[in-house]
Amino acid sequence: MLAALFDSIPAMIVLTGVLVGAAAALPGVFLVLRGNAMLTDAISHSIVFGVIMVWLLTRELSGPVQLIGAGLTGVLTVALTEALTRTGLVKTDAAIGLVFSMLFATGILLIGIFARQVHLHADTILLGEIGFVWMRTTPVLGVAVPVSMVMLGVVLVLNLVFVVLFWKELKLATFDPALAAALGLAPAALHYTLLTLTSVTAVAAFDAVGPVLFIAFVIVPPATALLMTRRLALIVPLAAALSTIACVSGYFLAVHWNVAIGGMMATMTGVLFVMVLSMRALKRQLQHRRPVPGNPAPWP
Amino acid sequence: MPMLVDLLGSQIVRTVMLGAALVGAVSGMVGVFAVLRRQSLLSDTISHAALPGVCLGFLLAGERDLTTIMLVALLTAMAAALSVLAIGRLTPLKTDAQLGIVLSVYFAVGVVLLSHIQAQGGGARAGITTFLFGQAAALSAQDLWVLGGVFAVATLFFVVLWKEIKLATFDPIAAAALGLPVRALELGLTVLLALTIVAGIQLVGVVLMVAVLIAPAVAARQWIGNLGAMTILAMGIGGLVGAGGALLSATGRGLATGPIVVLLASAVVLVSILAAPRRGVVWQALSAQLQRWRISGDRVLLAMDRLAAAHHDPDYPSEKGMLDTMLGRPLPGVMRRLEGQGLVRPVVHDPESSPHWVLTPAGRRRAEALRRTGHGPD
Amino acid sequence: MRKERTQTLLKTRRTALLSAATLAICLSGGALAADPPLRVLATVGMIADVAETVAGDCAEVTTLIAPGVDPHYYSATPSDVRALSQAELILYVDFALEEQLAEVLRALSGRTRTLGVLEAALAADRLLDDPEAPGATDPHAWMDVSRWAEIVPVITAAMSEQRPDCAPAMEARAAAYRAQLDALHDWVGEAIASIPEGNRILVTAHDAFYYFSDAYGIQASEAIQGISTAAEASIGDILEVAEFVIENNVPAVFVETTVSPRTIRALVTEVRARGHRLEIGGELFSDAMGDTGTPEGTYIGMVRANTITITDALGGTRPPWPAVLGDWAAVWSLAD
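Chains as they are written, first to last, in my numbering: chain A, 127 to 426; chain B, 832 to 1209; chain C, 343 to 678.
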């Protein structure tokens, strides 16, 4: 029965997407709530630099070394951004833009120089290919399971353990960082751990959806869930459920139109967001209330 | 490696240099306002959102009709900017979530369209991937006219509406009170931002465009505080970085222009942040050191003044060990600096061999002033 | 824009291309075959055409990478995923070409029979190295018809292995096809030899023509981009080719269907700005064949079109079309 599931290619592809969505939603919820969502953008672009550096050092394009490299690249990106911001000379948003483009440009130049040996195209790095995840398998308990799924599964468990263990701390650090610091909860350490996990998740999802579409899975379903409920404990499973709907519908639409599967899945997260947004707006109209003006919260 | 001067004689090098300089200059100009209005990441979003436009343009125009492609890309880029605005108005989501949603979903649509184009075949993809990463080397003379046109439009916009833009940027409330169409001005700036990005992506690609936009502005901000001068400096930095990056990338095979321009721009930002007068990190560190020296010197003068008063001898020679004891450990070189300023004078106090100093008349006056104004040690 | 939309799944049978004698065997072979046709997946059209021609009704050949798409830049759609998962035999050129697919094909070799035709058909000393990456193979062997003809028996054997009933019919078709390819090889050689010696230089957008050069005695200069089109063409690349063109007084350069023509146009502008004459000699099929349903959508037609374009642009004369290929030309109603 289980073996039959792992033999079905569509099931494999959709399941990989669902794993990406669930693994991404866990850190995503907190990043969206804390107003750090665009750090995902920075991290996912910097990963290109991390991947090529790890390749140059170890000649390995995937596996645990790459995960560690990704974690380090994520920390490097965040640390550089914060160092730049702390000079007081550059605003956070400009610092993010400067740091990731510098790392990305270095990565692209290195790939240009070593492209022939890496067999790694810059656009593959940018786009990923979820359609092929079923081909590279590894035996797990006697069943051939796609490598990507194993990696994503491990990362999902990692994220889940972190979020469950530090639930209270994360909640407090998200909604009242000052109090969290006063209670000795080290919000900075939590922040770094969260972003390290995000970059590790990014590289695990790298084969499947590529870094840019990964941003969609981190930000869009949690943001959509936020529009549906205000209870933090509900937001995480809701976001994962939204990702699942996006993956399943995205897969079938992609097959129907014969277009990129990962792209269609990410597009569907956006479609769901627009649907929830419209329903919300409609509900408010029906209640004869004027929509609450958006909260143009400035950068922290 | 061919000589740089030889390279300047080449048509293609001149074309790409001019093109990159134009893109850099417009980006610098527009980027100043993007950075001041905290729109750096909006630029990144708009740039990624140009991808579906490029693909749609391909599908509509069929062949590589650059004008149509750029127009459609401009439309999707503007649609993305409006989407950010709409999400901001309709939801309580924070700015960066709004940007992240629009960036990733528009890019996803672009990826879908890209795969559709590729499945159709027909060599289109070869041309279209160049928009992802830019293809500066293939710039043609016609492209220069387009880039020149964008440059002219941007310059005209700023020259004609300078005062209004300045006010709307720094004090939108006052601008609105004066009856300025703040909304229209903001829209104009956003259209200009999108236009610049769409013009630039064929040189540097969608990912790196944000750096070309904001780096010159961030660098210029470190040197100058005046908005007009800052804009002109950013224009200059952008132009030079563009031209310089193009020239550098022509010195060897396999050096892509876009990443080199971005790395050069990053280097300029780094140097500016470190070295800019008054704001720069090095300058700040230096002035902090000067400050410490000054305070330390003042404390020495006051201590010597107190010793002189206690001994009723204005020319009382203060001994080094005694000063050290009174002040804790004074910074090294303080006495030499005070000597240099003519505030103290070394004297020999027989039979002791340790160094002694006396206050000069100038030193006495300064110590007196410090005592009066209370700007002394705590 | 193309009139007809070319689907990724190309199902074209071209039994009509074969001579009458082979047709007879083909029909008898087809009648014998009780098995369903073998599902063959070829990465590029150059292999698919060979497989189709040999297989007749014995196999259903699918091409993964659509005409006009640069294999170096391939990305998959769901129909490709289905085709890959359902194929019984997968034919590819060499990982140096299908870079994007290399890992996938390697992984698939566990569950499906996969065959790299270059490695199987040609001894190492007949393969050229990528001059910029020692140890790596230059995959563009289809540019030399005599070398590409070697893949015919290899493909025939691989298909016969899985459909033994079809073997005799396929072998007969393979023999007829090889005769056609031999004639084509001689014809290309003759055509290129007619180009004045000083003009026998081929300048293109990327390094796809070293085998052509090796087989037919025309110098292939280093192109703007290397064997792989992975890295972006830089200013330095174009300048170096411009120097070469001027030094050797090359009359014409060529664009390729799978590479953006903008780099070659930039090259022409550069050379003309330095006061030299240079024309764009036409469009060559380098890494992909022409559209299905046109003569250039077949391997023979692709080679023929490239040869004519090169010969005309560099001042040669077209030799008469070989008689063995008369039937082929008749199918496409080509005059000569």
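I should point out that these hints are in silico values taken from the structure, not numbers from a laboratory. Fair warning: this is a prediction, and the values are worked out from it, not measured in the lab. Take these hints with a grain of salt, some might be off.
Covered by chain C, per the in silico footprint, the following chain B stretches (three or more residues, Cβ under 8 Å) [unchecked claim]:
#	segment
1	969-983
2	1077-1088
Derived Cβ-Cβ restraints for the label pairs, each shown as a range [as the list claims (entries may be wrong)]:
#	chain 1	residue 1	chain 2	residue 2	range
3	A	Ala-307	B	Leu-975	48 to 56 Å
4	A	Glu-186	C	Gly-559	43 to 51 Å
5	A	Ala-307	B	Ala-1116	43 to 51 Å
6	A	Glu-186	B	Leu-1121	46 to 54 Å
7	B	Leu-891	C	Glu-585	34 to 42 Å
8	C	Gly-624	B	Gln-973	40 to 48 Å
9	A	Phe-301	B	Glu-1199	34 to 42 Å
10	B	Arg-1202	A	Ala-304	36 to 44 Å
11	A	Ala-312	B	Lys-994	43 to 51 Å
12	B	Leu-891	A	Ala-312	29 to 37 Å
13	B	Leu-891	A	Phe-301	44 to 52 Å
Think of the CB as a built atom: it goes at the ideal place given N, C-alpha and C, for glycine as much as any other residue.
Do the hints match the structure? See the list:
1. 969-983: holds (count 4)
2. 1077-1088: Answer holds; 10 residues pass the 8 Å Cβ test.
3. A:Ala-307 / B:Leu-975: 48 to 56 Å: About 55 Å separates the Cβ atoms of Ala-307 of chain A and Leu-975 of chain B, which means 48 to 56 Å holds.
4. A:Glu-186 / C:Gly-559: 43 to 51 Å: The hint (43 to 51 Å, Cβ to Cβ) holds, given that Glu-186 of chain A and Gly-559 of chain C are roughly 44 Å apart.
5. A:Ala-307 / B:Ala-1116: 43 to 51 Å: violated (28 Å)
6. A:Glu-186 / B:Leu-1121: 46 to 54 Å: holds (51 Å)
7. B:Leu-891 / C:Glu-585: 34 to 42 Å: holds (39 Å)
8. C:Gly-624 / B:Gln-973: 40 to 48 Å: violated (22 Å)
9. A:Phe-301 / B:Glu-1199: 34 to 42 Å: violated (57 Å)
10. B:Arg-1202 / A:Ala-304: 36 to 44 Å: Given a distance of about 43 Å, which is inside 36 to 44 Å, the answer is holds.
11. A:Ala-312 / B:Lys-994: 43 to 51 Å: For Lys-994 of chain B against Ala-312 of chain A, whose Cβ atoms are near 49 Å apart, the range 43 to 51 Å holds.
12. B:Leu-891 / A:Ala-312: 29 to 37 Å: violated (54 Å)
13. B:Leu-891 / A:Phe-301: 44 to 52 Å: holds (48 Å)
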